[in-house]
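*Asks:* Sequence:
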Amino acid sequence: MKLKINLVLLLIATVFNCSELDKLTEFDITEDFDTTIEISIPDNDGGKAVALSESSSIDISSNEEINKNLDLIQDITINSLTYEVSNFTGAENATITNAILSIGDISIEVSDINLKQSDDNNTVYNIESPNELKNIATYLRNNSAATITLSGELSATPVTFKIKINIDSTFTIDVI
Numbered sequence: 003m004k005l006k007i008n009l010v011l012l013l014i015a016t017v018f019n020c021s022e023l024d025k026l027t028e029f030d031i032t033e034d035f036d037t038t039i040e041i042s043i044p045d046n047d048g049g050k051a052v053a054l055s056e057s058s059s060i061d062i063s064s065n066e067e068i069n070k071n072l073d074l075i076q077d078i079t080i081n082s083l084t085y086e087v088s089n090f091t092g093a094e095n096a097t098i099t100n101a102i103l104s105i106g107d108i109s110i111e112v113s114d115i116n117l118k119q120s121d122d123n124n125t126v127y128n129i130e131s132p133n134e135l136k137n138i139a140t141y142l143r144n145n146s147a148a149t150i151t152l153s154g155e156l157s158a159t160p161v162t163f164k165i166k167i168n169i170d171s172t173f174t175i176d177v178i
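For this note's numbering, add 2 to where a residue sits in the sequence shown, where the first one is 1.
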């Protein structure tokens, strides 16, 4: 009987120790992934509206520590996803409407963007939907690289500007 009790106690101690041991084998890597979409559209038949679709990309394996541990990623958390207009020149009231920011196969509708006003005010736009951020994290866990596309309709031309995108993320690596 004493042997059975000792075995049960040993089993309970092992279970609790494995959980604690698992926490000891995890570590986090926090990284900002930045990319810039450069857009330059010449005057289009008197400045009329034009469809817009331009892309850039990120690659999480560009971080050496993440690259060494790609197969050991247990979780990814997107802490923030922001974008900002910079270096705008062109038609004074040019606005992007029906805008969609796509990261891999995840599409996010964004509000209309008055390009000059956004650049002048240094407006930083945040994507705050927990579901969209979780979907992006899942996409990045399954794909180390992602194409980021801004599409929509540009109300006036000519325009030249950049969209700076920042993805602040935390990767939980479990070595066991």
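These aren't lab readings, by the way, just hints derived from the structure by calculation. There may be inaccurate statements among the hints.
Stated by the list, open to error - Subject to a maximum C-alpha distance of 30 Å in a straight line, what follows is the list of computed BS3-like cross-link-like pairs (lysine-lysine):
1. Lys136 with Lys50
2. Lys70 with Lys50
3. Lys164 with Lys118
4. Lys118 with Lys50
5. Lys70 with Lys166
*Asks:* Looking back at the numbered hints, which does the structure fail to meet, lowest number first?
*Replies:* Failing hints, ascending: 1 and 2.
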